[in-house]
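Model the placement of chains R, W and G with the ligands on the given structure of chain Z, informed by the hints.
As given, the protein sequences belong to chains Z, R, W and G, one line each in that order. Letter by letter, the first sequence follows residues 112 to 506 of our numbering. Letter by letter, the second sequence follows residues 112 to 506 of our numbering. Letter by letter, the third sequence follows residues 85 to 225 of our numbering. Letter by letter, the fourth sequence follows residues 85 to 225 of our numbering.
No wet-lab data here; the hints were simulated from the structure. Any given hint could turn out to be false.
As the list claims (entries may be wrong) - Quick list of the computed label-pair ranges, beta carbon to beta carbon:
hint: 1; chain 1: R; residue 1: 501; chain 2: G; residue 2: 128; range: 32 to 40 angstroms
hint: 2; chain 1: Z; residue 1: 332; chain 2: R; residue 2: 203; range: 29 to 37 angstroms
hint: 3; chain 1: W; residue 1: 181; chain 2: Z; residue 2: 454; range: 27 to 35 angstroms
hint: 4; chain 1: Z; residue 1: 482; chain 2: R; residue 2: 172; range: 49 to 57 angstroms
hint: 5; chain 1: Z; residue 1: 243; chain 2: W; residue 2: 181; range: 37 to 45 angstroms
hint: 6; chain 1: Z; residue 1: 228; chain 2: R; residue 2: 333; range: 43 to 51 angstroms
hint: 7; chain 1: Z; residue 1: 445; chain 2: W; residue 2: 159; range: 47 to 55 angstroms
hint: 8; chain 1: G; residue 1: 204; chain 2: Z; residue 2: 169; range: 55 to 63 angstroms
hint: 9; chain 1: R; residue 1: 172; chain 2: W; residue 2: 134; range: 56 to 64 angstroms
hint: 10; chain 1: R; residue 1: 394; chain 2: G; residue 2: 204; range: 33 to 41 angstroms
Every residue gets a Cβ at the ideal spot worked out from N, C-alpha and C, and that includes glycine.
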Amino acid sequence: MSRKLYLDNAATTRVGKEVIDEMSKYFDEFYGNPSSQLYELGRRSKEAIERARRTVADFINANEKEIYFTASGTESDNWAIKGVAFANLNKGKNHIITTKIEHQAVIHTCEYLEKFGIETTYLDVDKYGLIDLEQLKEAIKAETMLISIMFANNEIGTIQPIEEIGKIARDNKILFHVDGVQALGSVKIDVEKQNIDLLSMSAHKIGGPKGIGGLYIRRGTRIDNLVHGGAQERGKRAGTEGVQNIVGFGKAVEIVKENFDSNIERITTLRDRLIEGIKNNIPDVVLNGHPTKRLANNVNFSYKYIEGESILLLLDMEGISASSGSACTSGSLDPSHVLLATGMDHGTAHGSIRFTISEETTEEDIDYTVETIKRIVDKLRAMSPIKNDEDLKKS
Amino acid sequence: MSRKLYLDNAATTRVGKEVIDEMSKYFDEFYGNPSSQLYELGRRSKEAIERARRTVADFINANEKEIYFTASGTESDNWAIKGVAFANLNKGKNHIITTKIEHQAVIHTCEYLEKFGIETTYLDVDKYGLIDLEQLKEAIKAETMLISIMFANNEIGTIQPIEEIGKIARDNKILFHVDGVQALGSVKIDVEKQNIDLLSMSAHKIGGPKGIGGLYIRRGTRIDNLVHGGAQERGKRAGTEGVQNIVGFGKAVEIVKENFDSNIERITTLRDRLIEGIKNNIPDVVLNGHPTKRLANNVNFSYKYIEGESILLLLDMEGISASSGSACTSGSLDPSHVLLATGMDHGTAHGSIRFTISEETTEEDIDYTVETIKRIVDKLRAMSPIKNDEDLKKS
Amino acid sequence: MYTAEVMDHFRNPRNVGNMENADGVGQVGNPKCGDIMKIYLKIKDEIIEDVKFETFGCGSAIASSSMATELIKGKSIHEAVTMTNKAVIEALGGLPPVKVHCSVLAEQAVKSALYDYAQKSNKVIKGLENYKPEDDEVHCH
Amino acid sequence: MYTAEVMDHFRNPRNVGNMENADGVGQVGNPKCGDIMKIYLKIKDEIIEDVKFETFGCGSAIASSSMATELIKGKSIHEAVTMTNKAVIEALGGLPPVKVHCSVLAEQAVKSALYDYAQKSNKVIKGLENYKPEDDEVHCH
Ligand SMILES: Cc1ncc(COP(=O)(O)O)c(C=O)c1O
Ligand SMILES: Cc1ncc(COP(=O)(O)O)c(C=O)c1O
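Next comes chain Z alone, as it looks inside the complex (with noise of 0.2 angstroms):
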């Protein structure tokens, strides 16, 4: 294997020097319990967290009292859309709006909360995984309390046009939760100028340690805890926090922030010129997401008549590490939940691959990546029964 080429960063990234360094200081030195205000160690503990706090709460223009920290984008969204309904459990609000693309974490959460008497529309998508906003307003009944809807896709990496989201939100009195896990550190993230009320992150996704991630919540908002115990974050979400994990989450937040535009830039120009490299190489693909409102990072195409785990075996044979749909799918056997929402047939959803770069990507990775994934094709579609589209829709 000569080269090796990571290129799932929306799966999780790589933790950066200067994170791990930062966070070093948390395991030996500075360890004290952060509940534990009476010594000087506690405090040190406490005085780290609430530094993160603030770097957080700044990145995404909130106030960092309504920053708190979690073990992961997952358990936010279970605790927006858990903490919101079981806050109007029997009031008669018993109604959730999502989509049809949204991440395991906020479906399978809505699907719970069926046994609870909460019942969940979940909007369509069109071809490039946008909602559409009249079946939003439509959907909207006087028994919604909440409006979940991702700020990016995690597969396609479609961006939905949140603000607009958001004021039908508020227009209509209804909580908002954005899924933010992906947009975070790729799409400016304003949850005054969006109308967001409550925000999924995940430290993960963008160099910063995995078992982290954040939710905010608008002052105000009436959610149950999720986590009930001690009083760790104000209150809202007990068990002994993560000092280090913590640390490491502010951090690479500081990090994304320095030169945030200016690395974007380039990261899009990289993922374009991926996209098309694709495009013009390679017979017979569909180019999965919006062509312009996608993340920096993401470039997703459905190769036909071949299937994609074959694909990514080939891959990492040549180094390369990509992912066909959401990590978190790749042990089931159906094709994407999203790529189907999209209209996509089966037979061509199970060809798919996405490949995210990151500020490490060079060009040269880029040319390499186009060349591997054109030779993988030829060999496997050699080796298909399929050969063109009526083959494909046959089933």
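Same frame as chain Z, now just chains R, W and G with the ligands:
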């Protein structure tokens, strides 16, 4: 400040060098998402998690398939109790039995469940903090679905007769959850022998990192998820795993396992030296908890006529970190609910200090502690308007 | 995730390709489920002289097809019809539980091709009496 | 958590101790709540010539008592009675929100001691007309 003596190891522990070293590879070398099984980096992360899982399972005589990683002992407690309660929702099983001296993670969870129609009986304890098995038996009803009792108390160190409780639970076909957060690493835990169905654990209490816990769930136990989403942890606890933290948890357990018996013996001897030292040198003190059925590292006394926070502040000035009650309540002004449950009056309860030692504590440290606490108690008593038990009981 | 044997057959699949004038052709699976296997047989004196496959599917589908062709090549049709998915799994040194259906598909593809041969040549193959070509309904595994 | 001023008064409290033949003594708080403050006054010509305190309580209770005694020492009883908990907090450079009640207790202890003096000496102190010694019921803050 000449000396630094950390005697709050029940609040949290220092992460040792071996643990840090083991974790360090999982930041920027093996940083793959463990859900990404189709490339090398992802498989590495997954293997590391499974290795840690086996280590933890072995340590409590469980099968590796029965161990689930969470973000804290608190989350484990929440999951065990809410998970069982919600799995039994509307099935005529709406009663939980616990004790008055549980950690807030248990008590606040049970209180929260009231809004879902779930009732909890809180068992009394005697002056040593022990429950009465007869009272437990009488509390059992046809509706009882869960008994949740801590293995050892975090404040006063009292160890409950878990095996006997487990037998009672089993005889009555009731699930038995044990908050083992303080017991892990200090008491031999054997989920088979002790009839435990669910066991909460936390890494940061045994030399592991903060923000990672575990829940043992006996195979076949009907329990809802607390956090829904991706297929992590065999579909039972969603969210991208804190791989580095799980690795640290596993390593910490591995270290605790080595020389377990001789370490516990050594610490017990030091504990008893501290207990004797305080008893013999300071008048009007009360040892909290059971004299022998107590955690090897726990020393908790009430110093009459003075108040705990001022003792702690003076201890901090002398370089000694200790605690008054549990770390999580240190923000609150109420005296410890645990001490009140043992029948202690408020005034005396206010003057309680917990020292919890570690393998690193020396005899010299113990003697320095005795001498220092004596000096501090003398100073504060000289300032106090309360001079005897009569004064103390007035209110 | 996969054994070395699976990876070997995936990376260097044996008997890939199609065949003109095949004596029996069988295709099973469908694009909806993400696997299709097509097997071509050249048969002379009841012996499988040559076999080819084309597969649309995951790594283990390709490896299972490749292994199945190896297992029946040179065998008599009566032997070939007794080849089970277990034999494929064993020869591959095991498959992950979620991938077992790939080996089942390989067994069915072989049976389907033998059935086609039996139909065309008016032969009876013991063990295929009850074989029914796949119905049209789709059941993904 | 605490300001340097609080820590200084906690570590080196001024005017600690009791007083024989005090002209006024006031005690507020109770052990149930975890704070008791007792203030002793020596008064001559309506001037607080000396003051002592004893406190059972947390760091900020001790610091608040110490600061309160400093604020009234040498002042006339009419000035002393106007000392508010805010003045104590300010002089201490601030108190955490959960500890504000300590400064309230200090204000009350001073008032209680002045009231005792007024009672004993049959004086009227403006500002104490409506002062009622604590009722027996316990309200912890
Ligand atoms: C008995 C007990 N249960 C639960 C917990 C909570 O665990 P964690 O600190 O990991 O949230 C603690 C520690 O604070 C504890 O001592
Ligand atoms: C859009 C989206 N939401 C939620 C999550 C879950 O976050 P985490 O991996 O921190 O559990 C992810 C990542 O997997 C995601 O991409």
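Going through the hints against the structure:
The given range of 32 to 40 angstroms is respected by residue 501 (chain R) and residue 128 (chain G), whose C-beta atoms sit roughly 33 angstroms from each other. Residue 332 (chain Z) and residue 203 (chain R) have their C-beta atoms about 35 angstroms apart, which keeps the hinted 29 to 37 angstroms range intact. Against the hinted window of 27 to 35 angstroms, the Cβ-Cβ separation of residue 181 (chain W) and residue 454 (chain Z) comes to about 32 angstroms, which satisfies the hint. Taking the beta carbon of each, residue 482 (chain Z) and residue 172 (chain R) are about 54 angstroms apart, inside 49 to 57 angstroms as hinted.
Between residue 243 (chain Z) and residue 181 (chain W), the C-beta spacing of about 40 angstroms keeps the proposed range 37 to 45 angstroms intact. Separation of residue 228 (chain Z) from residue 333 (chain R) is about 21 angstroms and departs from the stated range, judged on CB atoms against 43 to 51 angstroms. Remark: the range hint 47 to 55 angstroms for residue 445 (chain Z) to residue 159 (chain W) is contradicted by a beta-carbon distance near 36 angstroms. Separated by about 60 angstroms at the C-beta atoms, residue 204 (chain G) and residue 169 (chain Z) satisfy the suggested range of 55 to 63 angstroms.
A C-beta distance of roughly 57 angstroms is found between residue 172 (chain R) and residue 134 (chain W), which places it inside the suggested range of 56 to 64 angstroms. About 35 angstroms separates the C-beta atoms of residue 394 (chain R) and residue 204 (chain G), a value consistent with the hinted range of 33 to 41 angstroms.
When the structure is compared with the earlier hints, violations turn up for hints 6, 7 and for no others.
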